[in-house]
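Asker: Heads up: the protein sequence lines correspond to chains A and B, in order.
My numbering puts the first residue of the first sequence at 50, with every later residue one more than the last.
My numbering puts the first residue of the second sequence at 50, with every later residue one more than the last.
It is possible that some hints are incorrect.
Below, in silico cross-link-like pairs of lysine to any residue (SDA-like), each with a Cα-Cα straight-line distance of 25 Å or less [stated by the list, open to error]:
id, chain 1, residue 1, chain 2, residue 2
1, B, 174, B, 92
2, B, 513, B, 437
3, A, 323, B, 372
4, A, 332, B, 374
5, A, 520, B, 600
6, B, 228, A, 520
7, A, 513, B, 232
8, B, 412, B, 374
9, A, 600, B, 406
10, B, 427, B, 558
11, B, 332, A, 174
12, A, 228, B, 416
13, A, 174, B, 229
14, A, 600, B, 92
15, A, 513, B, 437
16, B, 600, A, 428
17, B, 600, A, 332
If you want a taste of the chain B side facing chain A, the calculated C-beta under 10 Å gives, among others [unchecked claim]:
id, residue
18, 73
19, 75
20, 226
21, 228
22, 232
23, 243
24, 542
25, 545
26, 601
Calculated from the structure, these hints are not laboratory results.
Even glycine gets a Cβ: it sits at the ideal position worked out from N, Cα and C.
There are 2 protein chains.
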Amino acid sequence: MSQSSLFERHKNTLEEGIRASRTREYWTAYPENPSPHVYGENASAEGEAAFKSYLNKAFDIDQAATIGAIGSEKSPYGFDLGITYPKVDVDGLIMHVESIRGDWAQTSVETRTGICLEILSRINKRSFEIGYAVMHTTGQAFMMAFQAGGPHAQDRGLEAVVYAYEDMKRTPAVARWEKPQGKRDPIVMEKHFSIVPRGIGLVIGCSTFPTWNSYPGLFASLVTGNAVIVKPHPGAILPAAISVKICRDVLKEEGFDPNIVTLATDSANEPLTKILALRPEVKLIDFTGSTSFGDWLENNARQALVYTEKAGVNCVIIDSTDSFRAMTSNLAFTLSLYSGQMCTTPQNIFIPKGGIETDEGHKSFDEVVAGLAGAVDKLHSDEGRACAILGAIQSEATLNRIKKYGAQDNVVLQSRAVPMAGFDKATIQTPLILKAVDKTSHNSELFGPISFVVPTENTQDSLKIVEDSVKKQGAISFGIYSTSEDVLGQAEGVACRAGVAVSFNLTGGVYVNQTAAFSDFHATGCNPAANAALSDTAFVSNRYRVVQSRKHI
Amino acid sequence: MSQSSLFERHKNTLEEGIRASRTREYWTAYPENPSPHVYGENASAEGEAAFKSYLNKAFDIDQAATIGAIGSEKSPYGFDLGITYPKVDVDGLIMHVESIRGDWAQTSVETRTGICLEILSRINKRSFEIGYAVMHTTGQAFMMAFQAGGPHAQDRGLEAVVYAYEDMKRTPAVARWEKPQGKRDPIVMEKHFSIVPRGIGLVIGCSTFPTWNSYPGLFASLVTGNAVIVKPHPGAILPAAISVKICRDVLKEEGFDPNIVTLATDSANEPLTKILALRPEVKLIDFTGSTSFGDWLENNARQALVYTEKAGVNCVIIDSTDSFRAMTSNLAFTLSLYSGQMCTTPQNIFIPKGGIETDEGHKSFDEVVAGLAGAVDKLHSDEGRACAILGAIQSEATLNRIKKYGAQDNVVLQSRAVPMAGFDKATIQTPLILKAVDKTSHNSELFGPISFVVPTENTQDSLKIVEDSVKKQGAISFGIYSTSEDVLGQAEGVACRAGVAVSFNLTGGVYVNQTAAFSDFHATGCNPAANAALSDTAFVSNRYRVVQSRKHI
C-alpha cells in the first residue's frame, strides 16, 4: 500500500484523536469490549492459540546484530513460557541502527504518522493474542490484560501520535517571507523547515504494564523520526516482542528497514539497560520502574532526554460520604484490582481518628475500617470473581512483601491465597490492609496489595499530610471522599500545589487508579513520581527539532 | 484597567502572532523603524533624556529584600554609568517571592497573557530609552541597539507568549466526559484542568544582548504562571532593570504583588548566579553565555529545567557565486555588524584552496580572500559609517583577544581602531581576519571580530569539516554560497544532520547572523551551541504542568 494511502486510511482516527485531546471528552479509537461482535467470532480462541504457539520455542524475529538467544519468562499463573528471543550485540545493533535510520528521519510527517497509525491498527486486531501475552507475563487477569494491555494501551500510543503530529505540523514545511522595504522592492525569501529527530529512542519496559507504559514513548519517539530500541523487562518480554514485530512488519512492507524498531532482550544476570542508556547515540529514554533506577538514568544518561515514571505513594482521604456502602465498595475494588500492582493504586487511606459522618450516621474510625475490610472480603467471597479481579502476583518480591507485612501485629485485614481453577500454581492473593503505627511506617512505596489506614487528627490534618507526602514521596493518584464543597475545594488546592490529579467521591464505575486516554492525563510531571505526563505537548515536542534553510527568491 | 480588558485590548496582536508563527510569513508587532512618524516626534530626544536621567544615581525600584546598593556599569563608549541597583538578600528575596507567587499562579491564562502583552506594549513605547540603555551597556551602535534591543527583542518576547498561550489553551479548563454503558445510563464526569506553574524562573542575562536574549525566557516563564527573577550581567544591568520595572508597574496596577518579577543584581566580585541557580525553589533557568557556565548549570542545577544558549563556531562555505561583489559585501557587513559580538556571527569561512568560479571568472583562494578583505576595508572607509555598523567592543577580554590574535603572523586583514566623534574613549575596532594555519587554530569560539579564512581541498571537504565542526563545537548559524543546486542540497543535508539553520547565497539585505521572530528559529536545540530554540513549543510547554480534578455529575 502506498505510504500516503496509509495516512489517508487512518486520517479520520487522527482527526478524531486531535479533537478528543482538545475537548477531553470521552473518546476511544479501540473498543475495550472483547466481544465477538467487535473483534470477531473466533478472535478469542485464535488469540489464545496464537499465544500458545509462541511457547517453548524461539520467537521468530529476524533482527540485526543477533548473537544468541535469551529469555526465561514465567507465567504468574504457574508455568514457564519457555520462549527465547534474540540476544543482541549492543555495539553491532547501535551501529546498524545508526546506519539505517536516515530514511525514516527524512521521510514526511504524513508517511511516519500513517505508518504509526497502521501499526496501532494491526496491534489492535491482535488484542487477544497480546492480551494473553500480557496475562501470562504480568499476572493480570485476562479481562484487564485484554483491556489495559490492548485497547487502553493502544489509545495511549495513539494519543502520543496525535500530540506529536499536531506539534510537528505547527511549523509549515515551506514559507514565503516577504519583508516590505518602503518604496523599494520587498525582500523575498523562501524558507524550508525540516523536522529532525534526535537519534535513537530507548524504551525501557516494566514487568506489570509492558504495553500500556511503553507505547507512549515508543510511538512518540517513532512518529517524530527517531529509531527505537525497546528493552523489555526480563519478566515481560512477549507483549513487547509481538508489538515490536508488528512495527517491523509494517515498516518493511512500506519500504523501510525494519531495524528502525528493535528489541533488546536482557536478563537479570546479564542486564543491558545501563549499557544501552549510556550510549551517545541514545538521545531519548522512556522509563517506567523504580525510583532508584529512574534517578540513576536521570543523573547518568545526560546525553539523552529522560522521561521517567517512578514510584510514588498514592493517597486517599476520607472526610465524609453520603454513600458509605458505595464508597467502601469502590475502594475495595480499587485496592483489589490487579492486586494493587499498579502505580496508581492507593497505599495510604487517611481517616480522622474521631470518625466521619455518613449516610448511615456517624462512623468511628474502626467502623470505617471495618466497612472497608468487609467490602474487600465480600468482593472476594466468590473465588472465580476474586481471580478475575485480583489476577496473579507478578514477582517473588511482591509475594515476600505480603508475607513480611502480613506477619506484623497491625494487620486490619489479612491477605489470603485464592485457588484458581485450571492454574493450581497461580500466585493469587487478596489485599492486605494494615493500620499505620507511626508517622513513617507507610511513607515509602510498598508495591503490591498492601495498604494502610492512617488515623489523623481531622481532615485538615489529612490534607496537610497528603500535600507533604505528595511533594516528598510523589504520587500519581489522589482521591478524596467528602460531602463538603469547601473540603473538596481545599483538596483541589492541595492537588495543584503538590502537582497530582485528584478524584472526588468515586462511588460508581470509575476507580482512582484508572485514567482514560484523551481525557485524563496520567501523572503530572511535577511531583517525584514522574517527570512527564502521558501525554501532553511537553512529552512529544522535544523529541525532534526544526532545522531551517532560507534563500532569496 | 480590568484584567480581561487588557487581554481584549491586545487580543488582535496575539492572534496575529499565532497566525504568523504558524505560517512563518513576515510579521512583526513592533516597528523596527525608529522614525518620528512611528514612535512620535520627540521619542528619540525623550528616550535619550530618560536614559541620561538614570545616570549617576540609584535606580528607583522598590523591591523586596533589599540590603544595599550595587552596580558599576561602564559604557563601551567611554564613561561610567554610575547607576546603583538594589543589592538583594537571596534568602529573603526567595522567601518573599515564594510567599506571594500563588495569586499569579492561580489567575487565568487570559489575565496573565493580557498583562504580558501590556508589558510588551509599554516596553515598546520606551524603545528609545531602552535603546540608549542597550547602546551604553553593550556597545551596540544606536540603530542596532534600538532595533535588536527594542522591537526585535519585543517580538521575541511576544513569540514566547504566543507559543505558551496556544499550548496552555490546548487543554480546556472544563470537560464533560460521558462514557456509554450499553443499555445502562452512561457514566458522566466533570473534569477540571488547572495550569500549574513550576515555581520560580531565573533568567540569567548576557552582556551583549541584555533584552533580546532575556525576553523569551522571561515572558515564557511569566505567562505560564511562574515568578521570575532576572539576574542581569553585571556589565548590562540597566536595560534589564528598566524592563523589570515596567513588568512590576503593570503587575501592581493590575492588583498583583510586583515582586512576581524581581531584579537580582550582582557583581564580578560578589556573584549571585550560582547561589540563585541552586535554590530548590528555582525550577526554571534561562541562560545565555559561556559554554563552561552553561554546562555548569546543566550539570548542577538539577532541580530546574535549564535552557541554555552557549558558545558555538559558526561557519560559512564559499563554493561558487554568480555575484562575487554582492557576496563579499554581504559577508563584510556580516563580519562587521556589532564587531562580531553576536552568537550568530560566522567565525570560519571555508574556501577551496584551488579557488572558486564566479561571475567575474575563476578566482584563486587568495583572490577570494582579497575580495573579502577589500569589501571589509571599503565598508569602513568612512568613519561615521564604520562606527554606526561596528559599535564598540563590550569587554576588555574581547579587546585583548583582538590584540593577541592581531599580533600573529597569519593576519589577512588587520583590525584597526576607529575614532568616534563625541566619544573619544569609545573602543571601536574593525574586523580582524586570519588565515587558518592548521586544523585546530580556529576550532574554538573567539568571541568578537575575529574570523578565519580556511583553505580546504574542495567543497566536499568543506561540507565534511562543517558537519563535524557543528556536531562537536556547535553553531547557531551556517551560510553557504554556491551556484550549484546539488551543493546547496548537500548543505541542507549537512544542516539537518548537524542540526543547524542554513542560509543560501545571502547577497542582499539579509545577513546570516540575523533571524526574524515568528519566521526564523534562533538556534535549533540539537547541537552543542544551545539546548533550546527561540521559540517553539518545546521552549514553553514544560514550564507549566496540568493538574486535573474529576467527579461524577
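Asker: Against the structure shown, which of the earlier numbered hints fail to hold, in ascending order?
Answerer: Structure breaks hints 2, 3, 4, 6, 7, 11, 12, 14, 15, 17 and 22.
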